[in-house]
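Participant: In order, the protein sequences belong to chains A and B. Numbering follows my numbering, in which position 107 of the first sequence is assigned residue number 107; successive positions increment by one, without gaps. Numbering follows my numbering, in which position 86 of the second sequence is assigned residue number 207; successive positions increment by one, without gaps.
The hints are simulated quantities; they were obtained by calculation from the structure and are not laboratory data. Hints are supplied without guarantee of correctness; some may be wrong.
To be verified - From the structure, some residues in chain B lie toward chain A, with a derived Cβ separation under 8 Å: (1) A306; (2) W308; (3) L309.
To be verified - With the Cβ distance kept under 10 Å, some of the chain A side facing chain B (calculated, not the full set): (4) D6; (5) A26; (6) E91.
What you are looking at is a predicted structure, and each value in this text was computed from that prediction instead of being measured. Glycine residues also receive a C-beta, built at the ideal position from the N, C-alpha and C atoms.
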Amino acid sequence: MLWTVDPAAEEPLYAQLVAQVHLALARGELTPGERLPAARELATSLEVNVHTVLHAYQQLRDDGVLELRRGRGAVVVQGAGTAGRDLSVVERALAAFVDAARGAGLSTEATTTLLKEALKG
Amino acid sequence: MTPRTTTRRWRARRGTSRRHAPVLVAGGVGLALAVVAAAVAWGWRDELPDPVASHWSGARADGFMSLEADLAVMVGTSAAFVALFVAIGVRAGQSAAARKVAAAGAVGLSALMAVLVPGSLAAQRGLADAADAPNPGTATALSFAAMVALGAAAWFAVPGDPPSRADGPVPADAPRVPLGDGERAVWLRRAAGGVGIAIGAVAVLVAVSSALASGTWGTLVVPLVLALVLAAMFAFTVRVDATGLTVRSALGWPRSHVPADEIERASVVQVRPFGDFGGWGWRIGRDGRVGVVLRAGEGLLVERSGGRSLVVTVDDAATAAALLNTMAERAR
Numbered sequence: 001m002l003w004t005v006d007p008a009a010e011e012p013l014y015a016q017l018v019a020q021v022h023l024a025l026a027r028g029e030l031t032p033g034e035r036l037p038a039a040r041e042l043a044t045s046l047e048v049n050v051h052t053v054l055h056a057y058q059q060l061r062d063d064g065v066l067e068l069r070r071g072r073g074a075v076v077v078q079g080a081g082t083a084g085r086d087l088s089v090v091e092r093a094l095a096a097f098v099d100a101a102r103g104a105g106l107s108t109e110a111t112t113t114l115l116k117e118a119l120k121g
Numbered sequence: 122m123t124p125r126t127t128t129r130r131w132r133a134r135r136g137t138s139r140r141h142a143p144v145l146v147a148g149g150v151g152l153a154l155a156v157v158a159a160a161v162a163w164g165w166r167d168e169l170p171d172p173v174a175s176h177w178s179g180a181r182a183d184g185f186m187s188l189e190a191d192l193a194v195m196v197g198t199s200a201a202f203v204a205l206f207v208a209i210g211v212r213a214g215q216s217a218a219a220r221k222v223a224a225a226g227a228v229g230l231s232a233l234m235a236v237l238v239p240g241s242l243a244a245q246r247g248l249a250d251a252a253d254a255p256n257p258g259t260a261t262a263l264s265f266a267a268m269v270a271l272g273a274a275a276w277f278a279v280p281g282d283p284p285s286r287a288d289g290p291v292p293a294d295a296p297r298v299p300l301g302d303g304e305r306a307v308w309l310r311r312a313a314g315g316v317g318i319a320i321g322a323v324a325v326l327v328a329v330s331s332a333l334a335s336g337t338w339g340t341l342v343v344p345l346v347l348a349l350v351l352a353a354m355f356a357f358t359v360r361v362d363a364t365g366l367t368v369r370s371a372l373g374w375p376r377s378h379v380p381a382d383e384i385e386r387a388s389v390v391q392v393r394p395f396g397d398f399g400g401w402g403w404r405i406g407r408d409g410r411v412g413v414v415l416r417a418g419e420g421l422l423v424e425r426s427g428g429r430s431l432v433v434t435v436d437d438a439a440t441a442a443a444l445l446n447t448m449a450e451r452a453r
């Protein structure tokens, strides 16, 4: 799968990685039983500290998505994710939401805050 | 023809012959091994039975021929392999990897023959009847060791490709991954298994049972080598990042790295293992294309400076290709 980090973004680097795993699971790009890359390899390629990747993997374990085993690495647990549910409806609604927010002149921060508030409800 | 194009053509031709020189040297070494081995065995002609044993079933010799014929078969087989590998190295030798394979094949297979045949004859010195010749299990094991050792030496002796940056921009119609200026990205995927590993597993089982049935421990080397080849050939990690493309086998070797600044363009291709590469595994295909071929279907094609190209059969190749184009563009 594709992993990206943006050091200029406000979101911590480890949280960016966590979010990508959740998204990949939702899209079915990651499936239960699959092994994630070795933390060192991922860290080297993304030019981040290996502890940043380990932090992300630990967060994902606490989220109930990964199993961390010495020697075997990080494995996606059975039943994690939604196994490739069709997200096109969500993506279309999101595009409309972003368009509307931009049309109303909302900042990125204000828009994400709105989204987070709505998710709490 | 202007003087300038003459010079350029002459340079191009000279570059080609210089590039192929190590392959030709390896071919010469392979032929020399065969000739020296034949000369050594010919020196024993007064001590050897006539005919000599040339084939065994289990512990019993069951194939016989004259010494001259036995040595002629050895030299002829070596010469045929040398010719085959030199032809591959010259015709499909754009990548150093292909030239290394050709040199290793020419030297390694000649070394195998040059130890195996004299080894089987050495045990027959002083025998009156070749029917008493022992199965050359030890010579078999030694000949495989010689093949691996000399083949590896030839592999390392052939120099790698010098760095050569790709000319011009990445084509505008090549797909890319949209990334922010400071954004970093990596694409990682495992590619493993396929038909090759199934065929290989059967071959290992057959080799083990035949070695056990015949009771010759030396031939157990064959399944051992096969198992190593399987591990090296049929499980790979594919990585695309700012440094370019890296394909690494589960054993750590073979591995291939294409630096981002040498990439002309990356794209998705449909791979036919037999039609394009003559089989599965780490291969040299038509036109010198290097292939890591584990299955039929979608693969990542990377075109590189100097007419070199690499194919890896991997899922989600479209994402890998797009990210490689993005990284190649950044490296310009």
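Participant: Work down the list of hints and note, for each, if the structure agrees.
Facilitator: Status of the hints after comparison with the structure:
no.: 1; hint: A306; result: holds, 4 Å
no.: 2; hint: W308; result: holds, 5 Å
no.: 3; hint: L309; result: holds, 5 Å
no.: 4; hint: D6; result: holds, 4 Å
no.: 5; hint: A26; result: violated, 16 Å
no.: 6; hint: E91; result: violated, 16 Å
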